[in-house]
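All chains, full assembly: derive it from the sequences and hints.
Chains H and A, in that order, are what the protein sequence lines are. For the numbering used here, add 25 to where a residue sits in the first sequence, where the first one is 1. For the numbering used here, add 217 to where a residue sits in the second sequence, where the first one is 1.
Be a bit skeptical, because a hint or two may be false.
Unchecked claim - Simulated restraints, written as ranges between beta carbons of each label pair: (1) H:PRO117 / A:ASN309: 41 to 51 Å; (2) A:LEU226 / H:LEU127: 42 to 52 Å; (3) A:GLY259 / H:LEU138: 42 to 52 Å; (4) A:GLY259 / H:PRO117: 44 to 54 Å.
Unchecked claim - Derived contacts from chain A toward chain H, CB cut-off under 7 Å, selection only: (5) GLY253; (6) ASP290; (7) GLN325; (8) MET329; (9) ILE331.
Please keep in mind that the hints were generated in silico from the structure rather than gathered at the bench. As the structure is a prediction and not an experimental result, all values here were calculated from the model. Don't be surprised by glycine CBs; every beta carbon is placed ideally from N, CA and C.
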Amino acid sequence: MSDYGFARASPEVLAARHELADQVIRALQRAGLPAFRHGAPETAHRSGAAVHVEPDAETTPASAPVSVSWRCDPAMIEAAVDALTAGDPTAPIVRYPGTIGLHMQSALIDILLSSGVVAKPDNDAMNPDHVLVIGTMSDPPPTPAPEIP
Amino acid sequence: MTDNPRFDLPPKAPPEIVDARQALAERVCRELRLVGFPVDRGDLTGGPHYLPGVDVHVTPFVDGGVYANWHTDAELSGPALDLFAQGIDYANPPPAVRHFQTVLNQMQAALMAILASAGFEVEEPDGHAHGSMVLVTGFRPRSARPDPARPGKRDGVS
Chain H
26 MSDYGFARAS PEVLAARHEL ADQVIRALQR AGLPAFRHGA PETAHRSGAA VHVEPDAETT
86 PASAPVSVSW RCDPAMIEAA VDALTAGDPT APIVRYPGTI GLHMQSALID ILLSSGVVAK
146 PDNDAMNPDH VLVIGTMSDP PPTPAPEIP
Chain A
218 MTDNPRFDLP PKAPPEIVDA RQALAERVCR ELRLVGFPVD RGDLTGGPHY LPGVDVHVTP
278 FVDGGVYANW HTDAELSGPA LDLFAQGIDY ANPPPAVRHF QTVLNQMQAA LMAILASAGF
338 EVEEPDGHAH GSMVLVTGFR PRSARPDPAR PGKRDGVS
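This is how it looks when you write it as structure tokens:
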């Protein structure tokens, strides 16, 4: 249990998710894209595909064991934040990182699917440009096939 | 014209056109670095180097322009290009070639969409571009869009 009452995933489940995240990073790097683990201090200022491992036991329809989002250069994010803090939420630069995120979302999904990783767009209104990674195509199906006598 | 007819070189564009292409190429590089891509100006540094990420180059010919290409890691392109050189069944390419082509198609679509939303005029090049992915023909400055490459010089903000 975490401090907030959410059950954390077991070490075995987390290990499997980390392995899936590594597979995602390798597939994207082979495609030529910068890809790295989200949340590690040494990657805080990197741009590219940030790969996040879900620490909670439960995954909802809006979450997945692993998720991916595109992170623009810090200078781009800074310019967007500057426009926001200057009181101009309608400035095009505010929306621009999200626009790039959506363009990259479809590329990331198709590249992952083609590498044997099952990925889909996030349905969550909070993160419409995120990519949810469910597993790999060599994983066993979630429900066992009926036994044939 | 400085063309040497014996070598049948395509005619070169006037220097001011080539200069304008260089300036446009630099703007493309700046924008794509802000997006978060690794960017190489291979033509200025003795390339192409086939580094993973975007290669931006300018050709000096009349039928030329500013081109952007995506390069995968050699781990992906090497085996795919080897198979390709050996000859493949185009109707049913081997998985390594199919995956390589999927990556290139996806990155071409992403580059075109991203450059277009940044205000660049882009088109898919014809066969003369030797397989290049994206031809950038111009930039329409949007007065409403601040240039994140030059923070503090936002248009419309005094």
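Cross-check of the supplied hints:
For H:PRO117 and A:ASN309, the Cβ-Cβ distance of about 45 Å falls inside the hinted range of 41 to 51 Å, so the restraint holds. Look at A:LEU226 against H:LEU127: about 43 Å separates their beta carbons, and that is inside 42 to 52 Å. At about 30 Å, the beta-carbon gap between A:GLY259 and H:LEU138 misses the expected band of 42 to 52 Å. For the pair A:GLY259 and H:PRO117, the beta carbons lie near 31 Å from each other, so the given range of 44 to 54 Å is not met.
For the restraint placing A:GLY253 at the interface with chain H, the shortest Cβ-Cβ distance is roughly 3 Å, inside the 7 Å limit, so the hint holds. Look at A:ASP290: its Cβ gets to within about 5 Å of chain H, closer than 7 Å, so that hint holds up. Taking 7 Å as the C-beta cut-off, the interface hint given for A:GLN325 is violated, the closest approach to chain H being about 9 Å. Restraint check, A:MET329 versus chain H: the minimum CB separation of about 9 Å is more than 7 Å; hint violated.
Taken as an interface hint, A:ILE331 checks out: its beta carbon lies about 5 Å from the nearest beta carbon of chain H, inside 7 Å.
Violated hints, listed in ascending order, are 3, 4, 7, 8; each of the other numbered hints is respected by the structure.
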